[in-house]
Amino acid sequence: MASRIVRNVLVVLVSVLWLVPTWLVVVNAFTPAEQYTGSPRWWFASGDILGNIQTAFSTAGVGRGMVNTLIYAALGAAIAVLISALAGFAVTVMPVKRPAIWFWGIYIGTVLPLQTFLSPLFTGYAKTGLYDTQYGMLLIYVAMTIPFAFFVNRNFLMTVPREIAEAAQLDGANWLRMFVRVHLPLARSALLATFVFQFTWIWNDLLFGITLSLSPNVRPVTATLADLSGSYGTAGPPVILAGALVASIPTVLLFFVFQRFFVNSLRLTS
Amino acid sequence: MAVLTTTEKLPVAAPPAAGTRPRRFQWRRAMWVGGFLLPAVVLIAVLLVVPFLVTAYRSLFDDNGVSSHFIGLANYVALFTDPDFGRSLLNTVFWVVGTLVLPVLLGLLIAVLTNSVRWGSVARTAVVIPYALSGSATALLWTFLLQSDGAINQTLASVGLGGLQQEWLLHWPLNTVVMILATTWQATGASMILFLVGLQTIPSETLEAAKLDGAQGVRLFWSIIVPQLRPMTIVVVGMSIVNSLKTFDIVWLLTRGGPGTASETLALTMYRETFTLSRYGYGAAVSVVLTVVVLAASWLYLRRQATQR
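Chains as they are written, first to last, in full-length UniProt numbering: chain A, 1 to 270; chain B, 1 to 309.
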């Protein structure tokens, strides 16, 4: 009995500890900027979150940043998943010499810390005219997300029985046909899982965003928010919090929609 | 989690059936393989491996962006005699230890607790929400809470505990400690989910047998549940080490490594030296040290886990 009470008290304590900051943010994001007194509110002053969102969009370009990030995250993750599926197919199904070397050659990307790439990338981008362009941002996000996507896809394709590939070959299918008709449909769930993971990763990146882009038309939303927090006094906390909340909606939604699916795919890969 | 399963042997593809003209056949086969592998290999080589090698090479130069000359290992010597670098290294160690102990331990405890209480899903959702927020959003939230005139101090004053008010982000080591706590608030959700997955894989017969033998509460937790969760613990700890060594977003947004350089980690030192001070060679040396630390930590950890099993 006593242990059950202790357990329940602990669960309540955990919930409260974790919910208080979340609650404060939501309530204060709803506070009209001009009514914000400097001390945080604990209850809604009004339902006027739209005004704050509007200010964040009009004065700081949060909307523009979100469109940029959406392009990078959706397109970048899709391209990375496709390229990594091709490479995963090559090292598992095709007769490649020394597949282990190719595996490590691609997988090395997850081991090196991101910071080591920054300065040469900056210089290289400046020389090739890729600095502060959407193509440049897309390119680095695709390259950054390939290694992990490759790893998950390869692990999945290893579980596909060899006989399937052999049967397709007997039917006279060439490699491309086999990849598109047989392996891509089989790997659908693994591909979707990696897409969601990589989308979230790109959406949340700050480091490359603040280093390789400058103009509002190119900057991802995390960099826009970082600029906003630098000018904390001018915009006011409610506006910044509202902007941060709106910018989090896609990943939060994605996370809760795919939660069960995440758990299953983690069980598969770990 | 990724590194762990890569030691398994890769399948060696069966040699293709001998064609009538083997040389042409081989050439065609190389074309196919190349077509599938090249996009990934070229992108990784050009955008990740070459930049890394350039950084390693550049760390041997005194380079301010305008002129550069070869100075050998002088950057590294300067680095290890710089007191700011010592502080940065110490902070990095704090981050590794702090984010290793807190989110992993709390994630484990909350997973086990909420698994056995009926409305545990409420607590689980509360813990997972911050994990779904982006790092930048989390950092803005904690700026709002921790600033000297921020939510925590205002709240303390209004309930008559004004004496407890602190300049949370302006003094070392308090600023590093509160930032580690903020990260814990965000990151615990991830390890909790992984431990829940692990809990579901424990056979219920094992638990029932232990309960029949009289194992209860704390005893059951330490003697049965923790050992059974070992594979998942390896994954969670491995992820925590690598992530904490790369810590950037939250420190950059909360303190910019300040005041001065007091709360910098290696990742921030590298960023400031390179992009704020234009000391490219010195910044490159910092990132090489960071790479060595990440590789050494991963290797040591994985090797120990491999020999213990």
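What the hints contain is simulated information worked out from the structure, not anything from laboratory work.
Fair warning: this is a prediction, and the values are worked out from it, not measured in the lab.
Ideal Cβ placement from N, Cα and C applies to all residues, glycine included.
Fair warning: there could be bad hints in the mix.
Claimed, not checked - According to the in silico footprint, chain A covers these stretches of chain B (three or more CB under 8 Å from chain A):
{"no.": "1", "segment": "66-79"}
{"no.": "2", "segment": "203-213"}
Unchecked claim - One-sided excerpt, in silico: chain B residues whose CB lies under 10 Å from chain A:
{"no.": "3", "residue": "Val-33"}
{"no.": "4", "residue": "Pro-83"}
{"no.": "5", "residue": "Lys-246"}
A quick look at each hint next to the structure:
1. Against chain A, the segment 66-79 of chain B contributes 0 residues with a C-beta closer than 8 Å to a partner C-beta. That does not satisfy the three-residue criterion, and the hint is violated.
2. By the rule of at least three residues with a Cβ nearer than 8 Å to a Cβ of chain A, the coverage given for the segment 203-213 of chain B is violated, with 0 such residues.
3. Taken as an interface hint, B/Val-33 checks out: its beta carbon lies about 5 Å from the nearest beta carbon of chain A, inside 10 Å.
4. Given the 10 Å rule on beta carbons, the hint for B/Pro-83 is violated: about 21 Å separates it from the nearest Cβ of chain A.
5. With a cut of 10 Å, the hint placing B/Lys-246 at the interface with chain A holds, because the nearest CB-to-CB distance is about 5 Å.
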